[in-house]
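Participant: The chain contents come next:
Protein chains: 2
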Amino acid sequence: MSANGEQHGSRYHHGNLREALIANAIKLIEAEGVAALSLRRIARDTGVSQAAPYSHFPSKKDLITAVCIEGTKWFGESMRRSAEDRHGVDYLAGLAIGHINFALAHPALFHLMSTRDVSEAADATGKVPEIFDEGYQMMVAALVRTPLPHFGIEQQQLNIPLAWSQVYGLSNLLIEGRITPQTYGFSDLEAFVVAVIDRFLQNSLQPLSDSK
Amino acid sequence: MSANGEQHGSRYHHGNLREALIANAIKLIEAEGVAALSLRRIARDTGVSQAAPYSHFPSKKDLITAVCIEGTKWFGESMRRSAEDRHGVDYLAGLAIGHINFALAHPALFHLMSTRDVSEAADATGKVPEIFDEGYQMMVAALVRTPLPHFGIEQQQLNIPLAWSQVYGLSNLLIEGRITPQTYGFSDLEAFVVAVIDRFLQNSLQPLSDSK
DNA sequence: GAGTATAACTTGACAACGTTAAGATCTGCG
DNA sequence: CGCAGATCTTAACGTTGTCAAGTTATACTC
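If you read the sequences in order, they're chains W and V. So the first sequence is residues 40 to 251, counted in our numbering. So the second sequence is residues 40 to 251, counted in our numbering.
In short, the hints are calculated from the structure, not lab data. No residue lacks a Cβ here, since even glycine has one placed at the ideal position from N, Cα and C. One thing to keep in mind: the hints can contain errors.
As the list claims (entries may be wrong) - Incomplete in silico selection of chain W near chain V, CB under 8 Å:
no., residue
1, Gln-196
2, Gln-205
3, Tyr-207
4, Asn-211
5, Ile-218
6, Arg-238
7, Phe-239
8, Asn-242
Could you put together the complete structure from these sequences and hints?
Facilitator: And the structure:
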């Protein structure tokens with residue numbers, strides 16, 4: 040919080056190495072991508088020796104996890120900020136746009152956060168699986184609280200994975216360049232995102248035709 | 040295609056190293072995850088020296104790309120197979136289920152395919168960005184061809200990124216364990232997937248209330 | 001305020017990795 | 001048969017994650 044905390048005065052022992060490492064890791068990943076993220080490089084950038092990080096993190100993975108946790112805070116903030124002045128269905132749209140904006144503003148970081156190794160979920164300490172929770176919990180709360188007409192309770196439930204997948208998938212496909220607004224007749228990225236989200240919400244607001 | 044091609048007879052020079060490397064890479068990634076994918080390890084598993092792969096691939100990245108291309112074929116097959124007996128909207132559901140089934144059957148491979156490094160899209164040879172095209176082209180074709188009532192042409196267009204994001208996001212969130220069917224009252228994974236897809240398609244089939 | 005325990009950091013080393021250069025060996029063509 | 005070229009091996013370089021051992025600054029006690 041507060042200033043950008045270079046280092047307090049000149050207390051040797053570096054003062055706040057832990058935070059500095061996380062900050063430089065984020066700086067590095069945003070500048071040169073996920074592939075450039077090496078522990079030694081981060082240490083070098085921070086001005087300490089290669090083994091210094093081990094005083095604060097048991098392994099590289101733990102540093103990365105800390106980076107993800109930091110990213111999660113920004114992510115949650117982005118969603119909150121984007122939705123705060125809105126209400127009802129519009130609030131949901133705000134959350135979605137906040138989500139996607141974050142992904143577009145911090146593509147590599149977002150990518151890292153969505154890429155905690157598939158097989159790691161099992162042996163994790165229990166902290167990693169909740170990495171996205173702050174933002175998604177807002178979404179879940181909003182989906183449950185927002186009165187969507189014509190839906191039974193179990194139908195409301197299904198809206199959660201539906202909306203979640205939608206916004207998560209769109210974020211990833213956009214930052215990987217697999218979906219481009221131009222393909223669908225939009226010159227403006229923001230306008231495209233708004234249109235897709237609007238369309239999704241409008242679809243979801245319809246009463247279901249009970250065909251089955 | 041055809042047999043599992045161990046090696047033809049005993050022609051030394053290994054005969055078909057290229058294919059063997061790709062096959063063993065896939066075998067390795069499915070057995071031990073993305074993190075275990077090292078070039079030396081693949082070579083060792085294949086019974087050749089560490090530098091042998093360089094006769095067939097300029098770099099590790101190119102081997103990985105070949106693996107992704109191979110995966111893409113399976114991916115397309117899975118979608119086709121899952122949709123072939125269906126028609127109309129049901130065909131779309133089949134494609135989606137085929138997509139998700141592939142992701143669930145080959146989580147690490149799918150993860151690798153969806154994770155071509157963010158920053159690499161730019162400098163790529165032009166082949167990588169099309170990695171998913173086979174499957175998605177089927178989906179796009181089906182979305183365009185399937186008669187969805189009450190939609191204008193530009194509204195049909197928007198269905199493409201909408202459906203794509205939906206199924207892509209759901210696949211990823213499922214294999215990373217972030218969405219679990221139990222949370223939403225489903226004990227069966229397959230049933231959950233069908234329910235979500237059905238719900239999505241039903242939503243998308245509604246006429247839009249022209250609120251704007 | 002001197003002395004010490006402890007946390008924070010450095011140095012040096014190890015195995016594994018991607019990649020390259022140089023040489024060996026097999027294959028197929030004349 | 002002999003040669004050209006593709007294919008593979010061996011050896012090496014620099015880089016990485018990690019650990020063991022030693023060093024240095026901080027904090028606490030008397």
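Participant: None of the hints should be skipped; say for each whether it holds.
Facilitator: Going through the hints against the structure:
no.: 1; hint: Gln-196; result: 5 Å, holds
no.: 2; hint: Gln-205; result: 5 Å, holds
no.: 3; hint: Tyr-207; result: 4 Å, holds
no.: 4; hint: Asn-211; result: 7 Å, holds
no.: 5; hint: Ile-218; result: 5 Å, holds
no.: 6; hint: Arg-238; result: 5 Å, holds
no.: 7; hint: Phe-239; result: 6 Å, holds
no.: 8; hint: Asn-242; result: 4 Å, holds
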